[in-house]
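Visitor: Here's the letter readout for the chains.
Protein chains: 2
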Amino acid sequence: MNLRIPGPTPLPLEILKVMGNQMINHRGPKYEAMQKEVVKKLQKVFQTENDVFLFTSSGTGGVEASITNTLSPGDKVLAIAAGVFGDRFAACAKAFGAEVVKLDFPWGQAADPDLIRKKLKANPDTKAVLVVFNETSTGVTNDMKAIAEVVHESSDALILVDAISGLGAIDLRTDEWGFDVVVTGSQKAWMCPPGLAMVSVSEKAWKAHATAKMPRFYWDFTAMKEFAEKGQTPFTPAITTIFALDKALDMILDEGIENVFARHRRVGEHTRSGVKELGLELFADESCASNTVTAVKVPSDIQADELLRIMREDHEVLIAGGMGRLKGKIVRIGHLGYVFEEDIDEVLEAMEASLNELRR
Amino acid sequence: MNLRIPGPTPLPLEILKVMGNQMINHRGPKYEAMQKEVVKKLQKVFQTENDVFLFTSSGTGGVEASITNTLSPGDKVLAIAAGVFGDRFAACAKAFGAEVVKLDFPWGQAADPDLIRKKLKANPDTKAVLVVFNETSTGVTNDMKAIAEVVHESSDALILVDAISGLGAIDLRTDEWGFDVVVTGSQKAWMCPPGLAMVSVSEKAWKAHATAKMPRFYWDFTAMKEFAEKGQTPFTPAITTIFALDKALDMILDEGIENVFARHRRVGEHTRSGVKELGLELFADESCASNTVTAVKVPSDIQADELLRIMREDHEVLIAGGMGRLKGKIVRIGHLGYVFEEDIDEVLEAMEASLNELRR
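Heads up: the sequence lines are chains V and H, in that order.
Going left to right, the first sequence walks through residues 0 to 359 as numbering that gives the first Met the number 0 numbers them.
Going left to right, the second sequence walks through residues 0 to 359 as numbering that gives the first Met the number 0 numbers them.
Among the clues, some could well be false.
Unchecked claim - Subject to a maximum C-alpha distance of 25 Å in a straight line, what follows is the list of computed DSS-like cross-link-like pairs (lysine-lysine):
1. V:Lys39 - V:Lys29
2. H:Lys212 - H:Lys39
3. H:Lys43 - V:Lys212
4. H:Lys43 - V:Lys229
5. H:Lys75 - V:Lys212
6. V:Lys229 - V:Lys75
7. V:Lys93 - H:Lys326
8. H:Lys229 - V:Lys328
9. H:Lys35 - V:Lys326
10. V:Lys326 - H:Lys101
11. H:Lys203 - H:Lys120
12. H:Lys328 - V:Lys212
13. V:Lys29 - H:Lys326
14. H:Lys101 - V:Lys75
15. H:Lys224 - V:Lys93
16. H:Lys75 - V:Lys326
17. V:Lys326 - H:Lys212
18. V:Lys224 - H:Lys326
These are computed hints drawn from the structure, not numbers from a lab.
None of the values given here were measured: they were computed from a predicted structure.
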């Protein structure tokens, strides 16, 4: 099966191999050395000198951690949303008692920095801006450099970033652009199985943390930091997934992060041009189309579920459907992690054949 | 290395093998069928007809879920503690605003049901009793049948059980004895890598959930239930660890849970008698000694760290040290999951040789 959903992504053989390694003691020197190395390597890809923590959870756990560690109930947050994951970020903040000011953009478009500036001017007491780097549900990548600039120039708010499906595939400069908490997940660009959320924490986020009153226990940054100094986590970590991440980071750093970004750009462009050559329409504005996931409008004469089924059953190619209100309206091709042009050619061939079959 | 800490535990070859399986779609029919089967098999080992959920987290995440899903800030809970994990359960409830009435027992002893009865009589407004089935830090198993009886006869409180290091190795009858939320972790008796918390939820817990106001998002039972009906989880699950759990459950059910319990009893007794034959003292009262972990007092002429180091470096046997206030005072032999008498013989031989070496 050619698995081309926007995560989990297929694992390279080198990663599958280390997944079969025997358990080790998570409180012993071998594990500790590995965790410290993994964190150092993650810092390179996060482009940060901040702390980076490994939470045993899916990415959403990291999103919850970013909120509960830096905010208090009643704090105002500006939640920028243009898709399922933007909505989820806002919903999570609301669940913990934040006063959520929502700034919605049309699905398929990027967030407009000018409107963010206006909203921040109108809400000078905003404690944090919540933003999704790469909106998996619509195939849109936000202009994070521009967003960071308007936030920094117009407020003192923290920037919390759901970078789950973008980081490690698309350039995101945590320190240079100035993001306070950045969250990603192992099953995305990292070529690993799901089960780890990786989260960076800036000095400014630590200051906010010192007075943040939202309740937390499993996600507590203070406990994470205390144990991280020993190369440990407070609670038993997903050791096997960390074996995988260790190996994956070597692969990423060997290829070079600039080359990894360039490969994703190339594969993204290849996907979009291939889709258009099939006579299909892209869902996302091309100016902000993601290089990790491409959303394709389902033609009006085609049922999305049928297209997915025939691609899967007859062609062994698995892509994703639409989420939320886009269900039935789009399909999504994942192209992140261990992915090359040839993988996408298979997807496009399967898509073309399936469309022909459905129209016969 | 003979890894004999009380989790993570060594994985049988059959499990290591499936860990190398390629990723699949967590929203597809293959995954959905697997998750449904895993839940059915878990119900057999939990001895329950209740919902059983799979959280991507370590066991402590499941503990947090048990609290935040059933309680509101200000609710009174009775936290029974006689070790690090009892204290942790209480601390987690406190972090989310519960009014915690602590009932401490001496470390190394089991909870006394009569004192629980008295405490409940004195606190008739207790909403939940928090109890650790098997206290990993002291090597003690509580008499859960007796505890359930006194709680049910003297109050209407929920019983939330941290069964992380006991369930699947020692008989715990979720429905027959009446426990409302039972939590365990994949790296314990389940012969799997860490990364999954498995949590059962009774009808009574669902009723409490309906009005429980502690904030929750990642751990929310309602979302879990909605997705479980499709064989899914709300957020991307640790697919590989579920491959492992699926296989492990087949092994457990093939052996038969009564036989698995009997094997742990046998190995537990073998460990305790072997330790005593070395002239060492058990830390836990023998009346309540755990069949998954044995705590051994470190003789006054021996440094615990040195003993652990020599066993590890010279004999390739890894056991655990003491936790919290028992650090340096005890060492702990884990014997849960895929464990047989011969594994323990190796531990005992290494321990004897290391003691001799240190005393030379």
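Visitor: Against this structure, judge whether each hint is valid.
Guide: Hint check results:
Our distance criterion of 25 Å between C-alpha atoms is met by Lys39 of chain V and Lys29 of chain V, whose separation comes to about 16 Å. Pair hint Lys212 of chain H plus Lys39 of chain H does not hold up; C-alpha atoms about 30 Å apart against a cutoff of 25 Å. The suggested pairing of Lys43 of chain H with Lys212 of chain V is violated, with an alpha-carbon distance near 41 Å, which exceeds 25 Å. A threshold of 25 Å between alpha carbons decides the hint, and for Lys43 of chain H with Lys229 of chain V the separation of about 39 Å lies outside it, so the pair is violated.
Restraint check for Lys75 of chain H and Lys212 of chain V: the C-alpha separation of about 21 Å stays at or below 25 Å, so the hint holds. The suggested pairing of Lys229 of chain V with Lys75 of chain V is violated, with an alpha-carbon distance near 35 Å, which exceeds 25 Å. Restraint check for Lys93 of chain V and Lys326 of chain H: the C-alpha separation of about 41 Å exceeds 25 Å, so the hint is violated. Between Lys229 of chain H and Lys328 of chain V the CA atoms are separated by roughly 21 Å; this keeps the pair inside 25 Å, and the hint holds.
Restraint check for Lys35 of chain H and Lys326 of chain V: the C-alpha separation of about 24 Å stays at or below 25 Å, so the hint holds. Of the pairs offered as hints, the one joining Lys326 of chain V and Lys101 of chain H is violated, with about 50 Å between alpha carbons and a cut-off of 25 Å exceeded. Taken as a hint, the Lys203 of chain H and Lys120 of chain H pair is honoured in the structure, with Cα atoms around 21 Å apart against an allowance of 25 Å. Of the pairs offered as hints, the one joining Lys328 of chain H and Lys212 of chain V is violated, with about 37 Å between alpha carbons and a cut-off of 25 Å exceeded.
With a CA separation close to 20 Å, the supplied pair Lys29 of chain V and Lys326 of chain H stays within the 25 Å bound. Simply put, Lys101 of chain H and Lys75 of chain V have alpha-carbon atoms about 36 Å apart, too far for the 25 Å limit, and the pair is violated. At most 25 Å may separate the alpha-carbon atoms for a hinted pair to count; Lys224 of chain H and Lys93 of chain V meet this at roughly 21 Å. This hinted pair does not check out: Lys75 of chain H and Lys326 of chain V have alpha carbons roughly 44 Å apart, beyond 25 Å.
Of the supplied pair hints, the one linking Lys326 of chain V and Lys212 of chain H is violated, its CA atoms being roughly 32 Å apart against a limit of 25 Å. For the proposed pair Lys224 of chain V and Lys326 of chain H, the alpha carbon gap of about 21 Å is at most 25 Å, so the pair holds.
Of the numbered hints given earlier, the model fails hints 2, 3, 4, 6, 7, 10, 12, 14, 16, 17; all others are met.
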